[in-house]
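Trainee: What follows is the residue order along each chain.
4 protein chains.
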Amino acid sequence: METNILRGAEKVFAEFGFHGSTMDRIADNVGISKQNLLYYYPSKERLYRTVLQNIVDLWLERMTFADEPSQSPEQIIANYVRGKLELSRDYPTASKVFAMEVIAGAPIIKDYLQTRLKPLFDKDIKLVRRWVRNKQLSSIKPEHLFFSIWAMTQTYADFSVQIELMMGKPKLEQKDFDHATEFLTTMILRGIVDPK
Amino acid sequence: METNILRGAEKVFAEFGFHGSTMDRIADNVGISKQNLLYYYPSKERLYRTVLQNIVDLWLERMTFADEPSQSPEQIIANYVRGKLELSRDYPTASKVFAMEVIAGAPIIKDYLQTRLKPLFDKDIKLVRRWVRNKQLSSIKPEHLFFSIWAMTQTYADFSVQIELMMGKPKLEQKDFDHATEFLTTMILRGIVDPK
Amino acid sequence: METNILRGAEKVFAEFGFHGSTMDRIADNVGISKQNLLYYYPSKERLYRTVLQNIVDLWLERMTFADEPSQSPEQIIANYVRGKLELSRDYPTASKVFAMEVIAGAPIIKDYLQTRLKPLFDKDIKLVRRWVRNKQLSSIKPEHLFFSIWAMTQTYADFSVQIELMMGKPKLEQKDFDHATEFLTTMILRGIVDPK
Amino acid sequence: METNILRGAEKVFAEFGFHGSTMDRIADNVGISKQNLLYYYPSKERLYRTVLQNIVDLWLERMTFADEPSQSPEQIIANYVRGKLELSRDYPTASKVFAMEVIAGAPIIKDYLQTRLKPLFDKDIKLVRRWVRNKQLSSIKPEHLFFSIWAMTQTYADFSVQIELMMGKPKLEQKDFDHATEFLTTMILRGIVDPK
DNA sequence: GATGAATGAGAATTCATTCAT
DNA sequence: CATGAATGAATTCTCATTCAT
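Chains as they are written, first to last, in the UniProt record's numbering: chain E, 1 to 196; chain H, 1 to 196; chain Y, 1 to 196; chain W, 1 to 196.
Hints may contain errors.
Said to hold, decoys possible - The list that follows gives simulated cross-link-like pairs (lysine-lysine, DSS-like), each with its CA atoms no further than 27 Å apart: (1) H:K110 / H:K135; (2) E:K34 / W:K34; (3) E:K110 / H:K123; (4) E:K110 / H:K169; (5) E:K169 / H:K44; (6) W:K44 / Y:K44; (7) E:K135 / E:K118; (8) H:K175 / E:K118; (9) Y:K175 / W:K123; (10) Y:K171 / W:K110; (11) W:K110 / W:K123; (12) W:K169 / Y:K126; (13) Y:K135 / Y:K123; (14) Y:K135 / Y:K44; (15) Y:K171 / W:K141; (16) W:K126 / Y:K169; (17) H:K175 / E:K126; (18) H:K34 / E:K118; (19) E:K171 / H:K171; (20) Y:K34 / Y:K44; (21) E:K141 / E:K44; (22) Y:K141 / W:K175; (23) E:K135 / E:K196; (24) H:K141 / E:K169; (25) W:K118 / Y:K171; (26) W:K141 / Y:K126; (27) H:K141 / H:K123; (28) W:K118 / H:K34; (29) Y:K141 / W:K169; (30) H:K171 / E:K141; (31) W:K110 / Y:K175; (32) H:K196 / E:K196; (33) W:K135 / W:K118; (34) H:K123 / H:K44; (35) E:K44 / Y:K34.
As the list claims (entries may be wrong) - Estimated spans, in silico, between C-beta atoms of each pair: (36) Y:N36 / W:G168: 37 to 47 Å; (37) H:E45 / W:Y112: 44 to 54 Å; (38) H:S139 / E:Q75: 14 to 24 Å; (39) W:Y112 / H:L58: 54 to 64 Å.
If you're looking for bench data, these hints aren't it; they were derived computationally from the structure. All C-beta atoms, glycine included, are put in the ideal place defined by N, C-alpha and C.
Required output: the full structure, derived from the provided sequences and hints.
Mentor: Have a look at this one:
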């Protein structure tokens with residue numbers, strides 16, 4: 001039941017934002033009464049926090065490099081992009097809720113990002129810097145590489161409506177994600193690795 | 001006065017979303033009374049639509065290539081990226097309002113995007129296709145190029161809080177936008193132009 | 001168990017009044033679950049009535065003179081005052097619940113007071129009148145004697161917070177009740193008995 | 001309007017206590033809409049505090065001796081009792097609200113009593129002590145004199161229902177207050193002044 | 001233009017109570 | 001006896017909006 005609720009709530013939060021979502025609508029969406037919803041989550045904010053927490057946990061796990069020392073920078077980055085795109089494909093509403101929270105100034109998860117994401121980010125930055133020093137990558141600012149990858153991959157979830165509109169189709173298909181993967185990995189890798 | 005109101009409203013809408021923004025807060029932000037605000041804009045939705053309209057106009061103008069037949073693809077794309085980044089730097093709240101609207105499913109501006117942006121987008125796509133055909137660009141899917149550029153440039157406005165957190169600074173500076181410009185243009189161009 | 005519940009409920013009712021008391025809080029106070037509380041008392045009003053019933057029974061028993069024909073008026077009145085003060089000392093929360101009920105207009109116990117207390121009161125009034133006729137007491141209105149005694153003795157329970165505040169101590173002690181007894185009996189008896 | 005509201009609210013608070021009073025009922029009582037009530041007092045607690053504040057101000061003013069150095073202790077005390085009884089007669093609902101607040105532990109006005117009433121009380125206590133030392137009064141504990149007078153005079157407001165029930169009349173009349181005044185002043189003065 | 005007063009339509013909670021197990 | 005789940009009926013409070021001045 002709790003899982004059902006969280007799924008339904010996530011969908012509503014993604015569409016209406018925190019303030020625009022009503023407990024009534026969420027309850028409807030889950031198929032229970034508003035009071036029963038409040039039985040499980042004693043307040044809207046608590047429910048939102050729980051939804052957000054789950055999302056952030058899922059997110060953090062994939063916002064940093066998998067530690068695979070045996071792989072080349074190219075392989076690691078390609079895998080990373082692929083993983084992020086899969087996340088956008090499989091959890092689009094989660095991505096939207098996360099996006100809205102951050103755009104609105106991350107009032108709830110600021111601390112969490114600071115204490116949890118930042119250290120992992122710093123570690124990854126160092127790794128990319130080493131690759132640059134070793135001439136495995138061209139001379140780039142690693143921070144911006146990450147901001148770009150995050151943006152480009154998450155946009156397929158967050159801005160899906162715009163993308164669908166531009167593509168002239170009602171829903172993104174697997175094929176589109178394949179193309180995105182192909183495009184992004186190719187562009188990024190060619191863009192940041194010096195030609196031999 | 002109207003301009004003042006729109007500026008204030010935009011800021012509030014960016015932070016709280018449509019539903020989370022109250023006429024009271026907007027009025028406060030502008031420095032007038034709620035009733036006076038309603039004198040200028042007879043309803044909250046009307047105010048929101050006006051804000052959004054202004055944003056979209058600004059946006060559309062820059063979401064497509066400037067028509068400069070004398071320039072090379074590289075120059076056009078580089079200018080485009082630069083322009084989009086300037087927009088993010090100069091109108092971050094506008095960008096956020098636009099982003100929230102689109103993430104929420106573009107309930108208000110869907111039609112507008114369909115009728116106004118889509119044709120321009122199609123035209124640009126054709127242009128890029130021609131460049132590809134002429135081997136001026138490598139063999140890429142043009143749609144994804146646009147989605148990526150939009151995402152990467154707008155992220156400096158929309159996700160500024162996250163970026164600032166990761167950079168460990170309270171506010172993005174001109175220098176950061178310079179680095180972003182440098183990084184993005186370099187990566188994109190190297191990424192989509194075959195080495196000679 | 002029932003006794004435990006009644007004790008806990010009385011405490012809560014005394015602090016929050018009928019409307020301000022929740023079954024949850026009472027259950028908490030007793031150390032059982034709300035549903036279990038409802039197993040013993042099927043409704044909040046039923047519980048309140050029971051609490052009140054017990055209090056009123058205790059009260060009525062002491063709101064009238066003990067029938068001791070062998071004693072002098074002075075002795076009877078002194079004993080009465082003493083007894084009422086002991087009641088305030090030993091059952092302060094009961095007194096408070098009773099007080100709140102009466103102040104609020106006695107919606108529940110009006111009938112009970114009418115049918116049970118009134119006759120006893122009338123009997124006592126007659127007795128005091130006889131004493132007055134016999135010159136054992138000075139010429140007073142007996143009703144007001146009772147209202148005064150009730151008020152003065154119950155105030156040590158009902159207004160204990162104010163009294164403690166004025167006395168500058170966290171809790172009334174036995175000594176304070178001794179002083180009150182001494183003061184009240186002396187003042188009352190000197191006040192209503194003609195000096196010889 | 002504000003005065004109307006406060007009067008109506010006082011009546012409702014006196015009958016139902018803070019928790020039992022609803023904004024709806026108060027609004028009804030005043031003859032305005034609930035929302036309009038909230039326009040004037042933005043929350044129930046704020047309204048209650050205001051009502052209580054007014055009452056306490058009225059109360060404090062009369063809970064201590066008027067400073068009349070020219071008068072004898074007997075005169076001062078008699079006037080004091082008279083004044084308190086008038087207060088009970090003229091502001092019975094105010095008295096009830098005050099009583100309920102104190103009985104419930106004075107959650108709101110504890111501080112106020114501590115900082116405002118206590119100093120005045122201490123001053124009066126000292127004055128009575130001097131009278132005792134000067135043999136103008138018999139050897140009594142002054143604190144208890146005050147607690148008793150407060151209780152005896154306020155009971156005609158707070159416990160009016162019980163008193164009316166015992167007197168067998170629907171409402172206390174001026175005559176009853178005259179009798180109470182007569183009874184109380186006589187009993188108290190004879191009770192605390194040594195016969196000459 | 002500007003502002004005080006008023007209100008209808010929600011929305012989040014609270015809480016007593018019921019039901020099934 | 002005890003407890004998790006569920007709900008109807010309030011109740012407080014918010015907020016856009018209207019109206020009169």
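Trainee: Please go over all the hints and tell whether each is borne out by the structure.
Mentor: Going through the hints against the structure:
1. Distance check on the hinted pair: H:K110 and H:K135 sit about 35 Å apart at the alpha-carbon level, beyond 27 Å; violated.
2. The suggested pairing of E:K34 with W:K34 holds, with an alpha-carbon distance near 24 Å, which does not exceed 27 Å.
3. For the hint linking E:K110 to H:K123, the alpha-carbon distance of about 41 Å lies beyond 27 Å, and the restraint is violated.
4. A threshold of 27 Å between alpha carbons decides the hint, and for E:K110 with H:K169 the separation of about 14 Å falls inside it, so the pair holds.
5. Only pairs whose Cα atoms come within 27 Å are accepted, and E:K169 paired with H:K44 is rejected, the gap being roughly 32 Å.
6. For the proposed pair W:K44 and Y:K44, the alpha carbon gap of about 24 Å is at most 27 Å, so the pair holds.
7. Pair hint E:K135 plus E:K118 holds up; C-alpha atoms about 25 Å apart against a cutoff of 27 Å.
8. As the CA atoms of H:K175 and E:K118 are separated by approximately 21 Å, the hinted pair is consistent with the 27 Å bound.
9. Between Y:K175 and W:K123, the direct Cα distance comes to roughly 23 Å. Compliance with the 27 Å bound is thereby established for this hinted pair.
10. A threshold of 27 Å between alpha carbons decides the hint, and for Y:K171 with W:K110 the separation of about 15 Å falls inside it, so the pair holds.
11. At roughly 19 Å between alpha-carbon atoms, W:K110 and W:K123 fall within 27 Å of each other, so this suggested pair holds.
12. A distance of roughly 18 Å separates the Cα atoms of W:K169 and Y:K126; the hinted pair therefore holds under the 27 Å criterion.
13. Taking the CA atoms of Y:K135 and Y:K123, the gap is about 19 Å. The hint holds against a cut of 27 Å.
14. A distance of roughly 51 Å separates the Cα atoms of Y:K135 and Y:K44; the hinted pair therefore is violated under the 27 Å criterion.
15. Proposed proximity of Y:K171 and W:K141 is supported: the alpha carbons are some 18 Å apart, at most 27 Å.
16. As the CA atoms of W:K126 and Y:K169 are separated by approximately 18 Å, the hinted pair is consistent with the 27 Å bound.
17. Restraint check: the Cα-Cα separation between H:K175 and E:K126 comes to about 21 Å, which is no more than 27 Å; the hinted pair holds.
18. Taken as a hint, the H:K34 and E:K118 pair is broken in the structure, with Cα atoms around 41 Å apart against an allowance of 27 Å.
19. Of the pairs offered as hints, the one joining E:K171 and H:K171 is violated, with about 37 Å between alpha carbons and a cut-off of 27 Å exceeded.
20. With a C-alpha separation of about 11 Å, the suggested pair Y:K34 and Y:K44 falls inside the 27 Å cut-off, and the hint holds.
21. Note on E:K141 and E:K44: the hinted pairing is violated, with a Cα-Cα distance of about 41 Å set against a maximum of 27 Å.
22. Pair hint Y:K141 plus W:K175 holds up; C-alpha atoms about 12 Å apart against a cutoff of 27 Å.
23. Taking the CA atoms of E:K135 and E:K196, the gap is about 11 Å. The hint holds against a cut of 27 Å.
24. Straight-line distance between C-alpha atoms of H:K141 and E:K169 comes to about 16 Å, which keeps the hinted pair within the 27 Å bound.
25. For the hint linking W:K118 to Y:K171, the alpha-carbon distance of about 16 Å falls within 27 Å, and the restraint holds.
26. Straight-line distance between C-alpha atoms of W:K141 and Y:K126 comes to about 33 Å, which puts the hinted pair past the 27 Å bound.
27. For a cut-off of 27 Å, the pair hint linking H:K141 to H:K123 stands: about 14 Å separates their Cα positions.
28. Pair hint W:K118 plus H:K34 does not hold up; C-alpha atoms about 45 Å apart against a cutoff of 27 Å.
29. Simply put, Y:K141 and W:K169 have alpha-carbon atoms about 16 Å apart, close enough for the 27 Å limit, and the pair holds.
30. The straight-line distance between the Cα atoms of H:K171 and E:K141 is roughly 18 Å, inside the 27 Å bound, and the hint therefore holds.
31. The hinted pair formed by W:K110 and Y:K175 meets the criterion: a straight-line CA distance of about 24 Å does not exceed 27 Å.
32. Annotation: proposed proximity of H:K196 to E:K196 holds, straight-line Cα distance about 12 Å (limit 27 Å).
33. In summary, the hint linking W:K135 to W:K118 is supported, as the alpha carbons are separated by about 25 Å, within the 27 Å threshold.
34. A distance of roughly 35 Å separates the Cα atoms of H:K123 and H:K44; the hinted pair therefore is violated under the 27 Å criterion.
35. For the hint pairing E:K44 with Y:K34, the CA-to-CA distance comes to about 24 Å; that is within 27 Å, so the pair holds.
36. In this structure the supplied range 37 to 47 Å holds for Y:N36 paired with W:G168, their Cβ-Cβ distance being about 45 Å.
37. The hinted window of 44 to 54 Å between H:E45 and W:Y112 holds, with their beta carbons roughly 47 Å apart.
38. Range check, H:S139 to E:Q75: about 22 Å between beta-carbon atoms, so the 14 to 24 Å window is met.
39. A C-beta distance of roughly 57 Å is found between W:Y112 and H:L58, which places it inside the suggested range of 54 to 64 Å.
Consistency with the previously given hints fails for numbers 1, 3, 5, 14, 18, 19, 21, 26, 28, 34, ordered from lowest to highest.
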